[in-house]
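K.L.:
Next come the chains, spelled out residue by residue.
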Amino acid sequence: NAGVTQTPKFRILKIGQSMTLQCTQDMNHNYMYWYRQDPGMGLKLIYYSVGAGITDKGEVPNGYNVSRSTTEDFPLRLELAAPSQTSVYFCASSNSGTTNTGELFFGEGSRLTVL
Amino acid sequence: GNSVTQMEGPVTLSEEAFLTINCTYTATGYPSLFWYVQYPGEGLQLLLKATKADDKGSNKGFEATYRKETTSFHLEKGSVQVSDSAVYFCALSEAGSARQLTFGSGTQLTVLP
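Protein chains in written order, with the numbering used here: chain S, 1 to 115; chain U, 1 to 113.
Hints are not guaranteed to be accurate.
Here are the simulated DSSO-like cross-link-like pairs (lysine-lysine), alpha carbons at most 27 Å apart as the crow flies [what the hints assert, rightly or not]: (1) K9/S / K56/U; (2) K9/S / K44/S; (3) K44/S / K14/S; (4) K56/U / K77/U; (5) K44/S / K68/U; (6) K56/U / K68/U.
With the Cβ distance kept under 7 Å, some of the chain S side facing chain U (calculated, not the full set) [what the hints assert, rightly or not]: (7) D38; (8) M41; (9) G42; (10) L43; (11) L45; (12) F90; (13) G102; (14) F106; (15) G107; (16) E108; (17) G109.
None of these hints come from the bench; they were simulated from the model.
Glycine included, every Cβ here is placed at the ideal spot set by N, Cα and C.
Take the sequences, apply the hints, and build the full model.
P.N.:
Below, the structure is given as structure tokens:
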């Protein structure tokens, strides 16, 4: 009954460091998303994927990269961390096709601080 | 582009008070509308949804009606409980957009005993 699992839950980075936020889902969903949540700003879409091997930019992709080699996994990479990337990151997934109700299933979030 | 405007918080109510959180939207097509809730330390979870005009979504005593003429989807509950304390997000998605959600900024609700 795992759903969407994100790791790590917390991380502190120094400016210029790199890291990968991991996301995996066990619901066989085709669609996966990365959002960031800044205080008072709601959630902004970073990248999304409609299936293995397919990714596309969202509203705020700069400074991030993603890959989707399997249906289950959708890691988010920060290459050169900057203070502006301090945020809470949420991975989400949803099914596709006629059974799609538009509901997204979210992980618990990863809180990243860049100092 | 699409956008969602939510009533700014924080909102503080006493237990059993009536709750309204306003939400209006701008969309190019015919979106589906959602309310998500985020409890402290957790991810977002779907509270209710409506997929076409005049639909009413309901769950856990919360209701919202899709009003196309006023482009609104206000969240209401007749009698709030302390356990309803959370952040509430209004959101929309359009068909053909890979079900990307556009979120409002969120409204923090605190219910006092």
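K.L.:
Are there hints from earlier that the structure breaks, and if so, what are their numbers?
P.N.:
1 and 7
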